[in-house]
Amino acid sequence: MINTTLLSSMLALAPDAHAGGAHAPATSEVASGPSWILLIVALPMVTTILCGIYAMIGNKSKLPAWTTVVGAGIAFLCTVAMYLSFDGTPYTVHAFDWIQVHFSSEGGDKSMIANFSFYIDTLTIYWMLFVTGLATLIALYASEYMSHDIGTSYCRFFGAFGLFVFSMACLVMGDNLLMLYLGWEGVGLCSYLLIGYFYKKPEAVAAAKKAFIVNRIGDLGLALGVYLTFVHFGSLEYAVLFNDPTLLGYVESAKVGDFSAIPAMAQWIPLLFMIGAFGKSAQFPLYVWLPDAMEGPTPVSALIHAATMVTAGVYLIARTYPMFLASEHALPIVAWIGTITALLAATIGMAQFDIKRIMAYSTVSQLGYMFAGLGVLTPTGGAYHVLTHAFFKALLFLCCGAVMHGFAGQLDLRKLSGLRQVKGWGIVSLGMFIGCINLAGVPFTAGYFSKDTILAEAFVTPGYAMIGWILLITAGLTAYYTFRVFFRVFMGPVEYHPGDELHDHDHDDHGEANHHDAGQHGDHHADHFHPHAPGWAINTVLVVLTVCSIFASGLYIVGGNKDAHTKHYADTMVSASTASYHSNYGSHAFEYYEKDPEHYPVPGIGPRGTIEQPLEMPLVGGDPHKMMYYISGVIGVIGIALAWFLHLFGRTNAAECKMDPIARMFGPIPKLAENKWYVDEIYWAILVTPLRIGSHILHWIDKLFVDGIVNVFGFLPRLLAWILRPSQSGVLQGYAVSMAGGIALLLLTVFVIILQGGAS
Amino acid sequence: MDSILSTSLAQLAFPEAVPTITLAHYLFVSAAMFVMGLIGFMTRKNMIIMFLCTELMFQGAGLALIAFGRHHLGADGQTFVIFVLCVAAAEAAMALALVVLLFRHRESLSSQSWKELNG
Chain D
6 MINTTLLSSM LALAPDAHAG GAHAPATSEV ASGPSWILLI VALPMVTTIL CGIYAMIGNK
66 SKLPAWTTVV GAGIAFLCTV AMYLSFDGTP YTVHAFDWIQ VHFSSEGGDK SMIANFSFYI
126 DTLTIYWMLF VTGLATLIAL YASEYMSHDI GTSYCRFFGA FGLFVFSMAC LVMGDNLLML
186 YLGWEGVGLC SYLLIGYFYK KPEAVAAAKK AFIVNRIGDL GLALGVYLTF VHFGSLEYAV
246 LFNDPTLLGY VESAKVGDFS AIPAMAQWIP LLFMIGAFGK SAQFPLYVWL PDAMEGPTPV
306 SALIHAATMV TAGVYLIART YPMFLASEHA LPIVAWIGTI TALLAATIGM AQFDIKRIMA
366 YSTVSQLGYM FAGLGVLTPT GGAYHVLTHA FFKALLFLCC GAVMHGFAGQ LDLRKLSGLR
426 QVKGWGIVSL GMFIGCINLA GVPFTAGYFS KDTILAEAFV TPGYAMIGWI LLITAGLTAY
486 YTFRVFFRVF MGPVEYHPGD ELHDHDHDDH GEANHHDAGQ HGDHHADHFH PHAPGWAINT
546 VLVVLTVCSI FASGLYIVGG NKDAHTKHYA DTMVSASTAS YHSNYGSHAF EYYEKDPEHY
606 PVPGIGPRGT IEQPLEMPLV GGDPHKMMYY ISGVIGVIGI ALAWFLHLFG RTNAAECKMD
666 PIARMFGPIP KLAENKWYVD EIYWAILVTP LRIGSHILHW IDKLFVDGIV NVFGFLPRLL
726 AWILRPSQSG VLQGYAVSMA GGIALLLLTV FVIILQGGAS
Chain F
46 MDSILSTSLA QLAFPEAVPT ITLAHYLFVS AAMFVMGLIG FMTRKNMIIM FLCTELMFQG
106 AGLALIAFGR HHLGADGQTF VIFVLCVAAA EAAMALALVV LLFRHRESLS SQSWKELNG
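So the protein sequences, as listed, match chains D and F. Each number in the numbering used here corresponds to the 1-based position in the first sequence with 5 added. Each number in the numbering used here corresponds to the 1-based position in the second sequence with 45 added.
Worth flagging that the hints you see were computed from the coordinates, not collected in a lab. Positions of the beta carbon are idealized from the N, C-alpha and C atoms, including for glycine. Among the hints, erroneous ones may be present.
[Unchecked claim] Distance windows between CB atoms, simulated:
no. : chain 1 : residue 1 : chain 2 : residue 2 : range
1   : D       : 61        : F       : 146       : 55 to 63 Å
2   : F       : 146       : D       : 743       : 20 to 28 Å
3   : D       : 711       : F       : 91        : 51 to 59 Å
4   : D       : 710       : F       : 149       : 25 to 33 Å
5   : F       : 149       : D       : 61        : 53 to 61 Å
6   : F       : 91        : D       : 725       : 57 to 65 Å
7   : D       : 743       : F       : 91        : 14 to 22 Å
8   : D       : 731       : F       : 116       : 41 to 49 Å
9   : D       : 761       : F       : 135       : 38 to 46 Å
10  : F       : 139       : D       : 749       : 23 to 31 Å
11  : F       : 138       : D       : 729       : 19 to 27 Å
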């Protein structure tokens, strides 16, 4: 009975569609969907090809940008249509046969099937909605932001952009793990190409290589995980895999805390997936590439390195959540790594001066929250935070990008101040403010609700209270560093110094009149510098994202489904997919509790209550879900107040900082944080340098020993030739003598043989 | 060994002084011609002389063939020699042309002048 319910709840997407559950469709007979869904994947690829053609014919206009905007926009509309037409039953859309290997083994004939087809369920739709939506908006933003590079580079940028959207669509929509892997590598490639977009700048090239190599380490884990999945479960297709009775049996065992029934191989799979997720989503040991990735153009940072690609790790874990449930250690590790990352990145973010770097560390930190959310058994919270974070962090990045664009690459918060009052920067300031209150977790913002879900679940889930406290502290730090940026750059007295990317400002590609206000420039050296305020494209995108960020909080209130025991929109969407936790367990948790209180709560991932019926794990004397609203709200406001006092109150110029005396009280810690805890240097010392030395040694072994053996085989024939060559004297008679002598010798031999033959 | 060869004109002319000429005599002459040709080829430097020496070796071999053919009372040997003569004629044309070409390159007929074609 439990098994059928489980099965049906996994398949029944909008649970009201399959209230009975007993008549769930059979495992591998997932219905086929309409083929127009392929447009979502195909259109970005088409735009990439078109951009390549534009580059070849030497286009010098904004055509690549408009092509990409239109392509991504239609893909977004198709996604919306897919969402609206979704009736609750997952289906697949088949593009073409890709890999079909049939072989016989000990267990009989087997086949590995990985078709180029797409699996549509609520999780897919949820993810694709913001991926294609943000891609459209950010392409529009980039059309203006990249306008200094019109020409081949412009085509190259949008070509890689389209390829990224294609890869991301393959990653999210693919119906098997190999498609996911294809997309996974594809987004990694596009990330590399776009970080290294300014390839003449050595830092950009180094950052691109770093991102690619660090991601390779993670990808190895993912690849091994995919192999092991096939070896153990015999299939890579989601439709088969997540209805596999073996896997369901494991989850059943895990529910009662009996992990001895689950083979070690199955428990290893999520651990390997996890490594891939840590690489792609910049978690603790492998996060070092993301801050450096800010060398890429800002639209890329916003789309790839904040909103979409880095959430691929969260998607992977959410998609394969049953496998993670079936492992004793996977989810606790995910939770702890996420927590450590959140705290570490927040401390680094507090001490940086480059606003884009601060946003990058903030991204790492918020990704840590998402992982912690997954680890403390709330994939809903993780996925909801992905969505809200995608909006507000894209908004923050795009605002930083507008500042960078307008102030000639200036990103140092000590050299910018009071931008709010500069003419033409109102929308940017407003967008930044909305982004900041979301990130800081000011009550009733989207970021506040999504963060609360994770925090509260950390206190509810047995054994994770410590994680909850660390994440609460991190929330305070987040509020502080977020508003440090806002108060320094956008508030206070007006002062700005241009960056080092001063270019000819006479060209006016935005139709925006450069204003000059002598009073604002005052005493600083750049009297002739006119910051050019963002044009209509950037402002439109910022307005749309601001509105989205505000209304994302509404998703916490609407969209719940009483029948399915889901509380809000994200919960409904996630619970109806393979990332489901509550719908599988909610109604059964108490049965197990009554039967076997000894094993409940199981540290790690034992069963527990639902959001509606929480087990009493009181936090300061109340239900964590209710208390958290107050606690995290207060902590967020304290962080903001601190930032206000230190960075705005009484500040008279851009560089002044009241933080310095306080920082001195902490001894070397602020300096360590500013230098990113020397993590890069430590990696350099313990990994890169030994590897380099090792490769030099191997290089010489190769050169002397391996090449030596090969060269000996080349040298021997030459030696032989050198010995024999003098016989070719060039004297004609010499040859005649040898020929005659040879024949004579031959005849003599024959003669002797005949004589002996005659004698015997 | 009673053959036409044994009643040749020479025998008729000098019935006492010349003993019966056997196959061995012919083979001796043949071998002598061949060896003279060989020695000439190996010792002379002038390419035309060397070419003439190869002709001498040819004719030595041809003589042996005819002698054997007569000895076995067959036409094979003589037929074969006709062929050899044809080939030798063609070869003579080729060889002399080559010698002329080589001479034009070096203004010398000495085979030593081509010593640089060594290994």
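Comparing the hints with the structure gives:
The given range of 55 to 63 Å is respected by residue 61 of chain D and residue 146 of chain F, whose C-beta atoms sit roughly 57 Å from each other. In this structure the hint that residue 146 of chain F and residue 743 of chain D lie 20 to 28 Å apart at CB holds, the actual value being about 25 Å. Judged by the Cβ atoms, the range 51 to 59 Å given for residue 711 of chain D and residue 91 of chain F holds: they are separated by roughly 57 Å. At about 55 Å, the beta-carbon gap between residue 710 of chain D and residue 149 of chain F misses the expected band of 25 to 33 Å.
The hint said 53 to 61 Å for the Cβ distance between residue 149 of chain F and residue 61 of chain D, and at roughly 59 Å that hint holds. In this structure, residue 91 of chain F and residue 725 of chain D break the distance hint of 57 to 65 Å, their C-beta atoms being roughly 36 Å apart. Evaluation of the 14 to 22 Å hint for residue 743 of chain D and residue 91 of chain F yields a pass: the beta carbon distance comes to about 21 Å. Distance hint check for residue 731 of chain D and residue 116 of chain F: the Cβ-Cβ separation is about 46 Å, which falls inside the suggested range of 41 to 49 Å.
Range check, residue 761 of chain D to residue 135 of chain F: Cβ separation about 42 Å, and the 38 to 46 Å hint holds. The given range of 23 to 31 Å is respected by residue 139 of chain F and residue 749 of chain D, whose C-beta atoms sit roughly 27 Å from each other. Against the hinted window of 19 to 27 Å, the Cβ-Cβ separation of residue 138 of chain F and residue 729 of chain D comes to about 35 Å, which falls outside the hint.
Checked against the numbered hints listed earlier, the structure breaks hints 4, 6 and 11; every other hint is satisfied.
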